[in-house]
Amino acid sequence: MSDHELRVSKIKSGTVIDHIPGGQALNVLAILGIDGSTGEAVSVGMNVPSDRLGRKDIVKVESRELSQDEVDVISLIAPMASINIIRDYEVQRKHRVERPDSVEGVLECPNPSCITNEREPVNTRFTVLDDAVRCDYCETIVRDNIAAHISDD
Amino acid sequence: MWTDQLVSAKQLSRADIDAVLDHAAEIDENPAAFADRHTDKLLALLFYEPSTRTRLSFETAMKRLGGDVIDMGSIEASSVKKGETLADTVRVIEGYADGIVLRHPSQGSATMAAEYVDVPLVNAGDGAGQHPTQTLLDLYTIRKNVGFDDLTVGIMGDLKYGRTVHSLANALTQVDASQHFISPDSLKLPRRVRYDLHEAGANVKEHTELDKILPSLDVLYVTRIQRERFPDESEYRAVAGQYQIDAELLEAAKDDLIVMHPLPRVDEISADVDATDFANYFEQAHNGIPVRMALLDMMLDNE
Numbered sequence: 001m002s003d004h005e006l007r008v009s010k011i012k013s014g015t016v017i018d019h020i021p022g023g024q025a026l027n028v029l030a031i032l033g034i035d036g037s038t039g040e041a042v043s044v045g046m047n048v049p050s051d052r053l054g055r056k057d058i059v060k061v062e063s064r065e066l067s068q069d070e071v072d073v074i075s076l077i078a079p080m081a082s083i084n085i086i087r088d089y090e091v092q093r094k095h096r097v098e099r100p101d102s103v104e105g106v107l108e109c110p111n112p113s114c115i116t117n118e119r120e121p122v123n124t125r126f127t128v129l130d131d132a133v134r135c136d137y138c139e140t141i142v143r144d145n146i147a148a149h150i151s152d153d
Numbered sequence: 001m002w003t004d005q006l007v008s009a010k011q012l013s014r015a016d017i018d019a020v021l022d023h024a025a026e027i028d029e030n031p032a033a034f035a036d037r038h039t040d041k042l043l044a045l046l047f048y049e050p051s052t053r054t055r056l057s058f059e060t061a062m063k064r065l066g067g068d069v070i071d072m073g074s075i076e077a078s079s080v081k082k083g084e085t086l087a088d089t090v091r092v093i094e095g096y097a098d099g100i101v102l103r104h105p106s107q108g109s110a111t112m113a114a115e116y117v118d119v120p121l122v123n124a125g126d127g128a129g130q131h132p133t134q135t136l137l138d139l140y141t142i143r144k145n146v147g148f149d150d151l152t153v154g155i156m157g158d159l160k161y162g163r164t165v166h167s168l169a170n171a172l173t174q175v176d177a178s179q180h181f182i183s184p185d186s187l188k189l190p191r192r193v194r195y196d197l198h199e200a201g202a203n204v205k206e207h208t209e210l211d212k213i214l215p216s217l218d219v220l221y222v223t224r225i226q227r228e229r230f231p232d233e234s235e236y237r238a239v240a241g242q243y244q245i246d247a248e249l250l251e252a253a254k255d256d257l258i259v260m261h262p263l264p265r266v267d268e269i270s271a272d273v274d275a276t277d278f279a280n281y282f283e284q285a286h287n288g289i290p291v292r293m294a295l296l297d298m299m300l301d302n303e
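Protein sequences, first through last, are from chains A and B.
Taking the working numbering, the leading residue of the first sequence gets 1, the next gets one more, and so forth.
Taking the working numbering, the leading residue of the second sequence gets 1, the next gets one more, and so forth.
Only chain B is shown next, with the shape it has when bound in the complex (with noise of 0.2 Å):
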């Protein structure tokens, strides 16, 4: 059941979104009465990469709740570097803590995980995989501002190796998303995250470019192309700025379209969006803490 180990968007019915959702709302409404909920819980703070969002939120979040966390701190002063596996790790944080939140370069690392301990976890990134909570405040900031009703969205940048992407996609199947995919033909999908939507029945278009699609678009969301990934660097430069928004070119959207970005950005989205009513990625950090409580909330208590 999810509520014990949350690994992978695929785990979450429309039930279950809806759950953690109507929880993350109650919990913006009046956060001080949650307060109190679980003051004698530990949280494990396992992250083999680096991470500044995901990381101070759940410890922000278990905070807020009243309980405290514990940290491995980085790789480098961790037993990781002496050479011991994660399955050793997990078992003795099982030990320790109440939960552990886990983030690792490896894909398929929280579903290995999950099978050796028997306390809550929570992938918070595993490589190029999936990222279910960033893809719970990004359901809960779509759901706040546009809804769920007859829902178009766009998915822009790099789909391939964008793991917020590929959780985000297999849960908009789940409320019946008609989900756009723009990006250079390099950065498509992987061939995993299309059998899935397949297999679910997904309505989904690919493009290469915005243009066209973006006026239909109730929300556009947009992530990194990441340099690295290029064998030359004249290639990424080819794409990069073809995948770039500013303020000038929302003109031809919807007024009421939300621009989303899981951050950090770089130069994606121009510094002139952000003054307009469609930046909307600081808000959807912000919802990290409400529906990362939520999430503890139900999975600690479910204990």
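Okay, chain A solo, but in the shape it has when bound (with noise of 0.2 Å):
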């Protein structure tokens, strides 16, 4: 176990998300739904050094298992996120993010105008650019704070 690992506790069942951009690791939690109310017990850190990203954050997560939707999501705030799968203390399964070509109603749109944030019947929906995600229906470009536009919902 490297000194890097050793600064959150190890979790005996769960999700590491790991390589998480330096100071993102809220937002993932905010992707997760996570804010303490639901008694998960989650470990966080930031700003851990880093020989890939200089500093990344972590975030481990006890009895819990990522949908590929939320997977989906961290991948477009984190896209060199890797995704470890821990059961009985062991690392079950680990892989990297890959990014969606689109995700469907998890994040609004910012563009006031836009018919999404109408009351209409109609889920947000996100092509996802090389570095940017875009409205399919107004074609707003957001390029930067995609995690400050994860739907409440």
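Just so you know, these hints were derived from the structure itself, not from any lab.
Keep in mind that a hint or two might mislead.
Just so you have them, the derived chain B footprint on chain A, three or more residues with Cβ under 8 Å [said to hold, decoys possible]: (1) 104-116; (2) 119-125; (3) 131-142.
The beta-carbon is built from N, C-alpha and C at its ideal position, and this holds for glycine as well.
Join these two chains into a complex; the hints should help.
Spelled out as structure tokens, the structure:
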């Protein structure tokens, strides 16, 4: 076990999200809907030295495995992240996130004039570009701070 | 396929554009030959925003094809006022009419509406988004007057909110036109349009003043700078004056330049331009009829 891994405790079962860009851990928690009120045990390491990223964040969530939708959205703000599924203190599966072609129903469009912000029965849908996402309806491109547009629903 | 639902100029390939414009030319040549084309068809006009030219030209086009229109009238007198969603409205109207023309203030409204109906649907303007049929009549006007070969177009005015500009810029990439955008910094093209132009490999330049680029243009497309967009009246006045053209200014232009405008104009084109050979905006508006007849004919035939 390296010094870096010792900074946060091992978990018995659940998910470790590693190689999150420094400072994005709280946004990852927001994507997962974790605000401390649901009782999950969560460990967070922030700005840990990293060979690959310089500084990285790590999030460990006890007793929870992530859905593909959650992983897809995490990939938008942490394209280098790796997902480690832990069972009985052992890494059962480890994989890098992959950016999806599109994400549906998870981001809000920042354009107030977009039809998705009207009282219409329509889910948001964003096409994932190389360095941004684009609303399929109004075509607004969101490049900065994508996490700020994660839907509260 | 675009012949089912036309929501964006980006759907139009060069072959699509040529097909609509060729058919419009055929109709222009002999409109009477098309007078009975759609005698049994009804077109629904759903206009959630004020409109004169677009609404009346769609109505005229449909009637000149022998068909008829139904119209939901003013927003105040419709179920929209009771809170009915657009998705519900188009699903109801789909059962009444053979096609729907939609104008709505929200961007992406036509894209959403198209997901709910199977009848042909045309976007007649969605907020600051797209206005593809305006683009088709703009292209018809350009092709008729100066052609598409080695074309250099200047587009001036409100490039940020002008949906006619956004659609036209997309479509001009299909004819490999050089595009010059002239606007104050505060009204430059939005990021999404720049992205599309970049992806299409378009030849694009941006300017804040017209004078240097004017002599190279084949087309000068002017749009209204919308006073209501400016938080401060003095800011509006500072830029509005720079984006007005008159007959004297056009002395520096090529003899065969055409000046276009989607109308309505306010003061961005001086009345003294009307009497010059440069003025093309009224012909451009008239071209809305054969072009929309062609489009409706193709869409309703395909149904």
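Unmet hints by their number, sorted upward, for this structure: none
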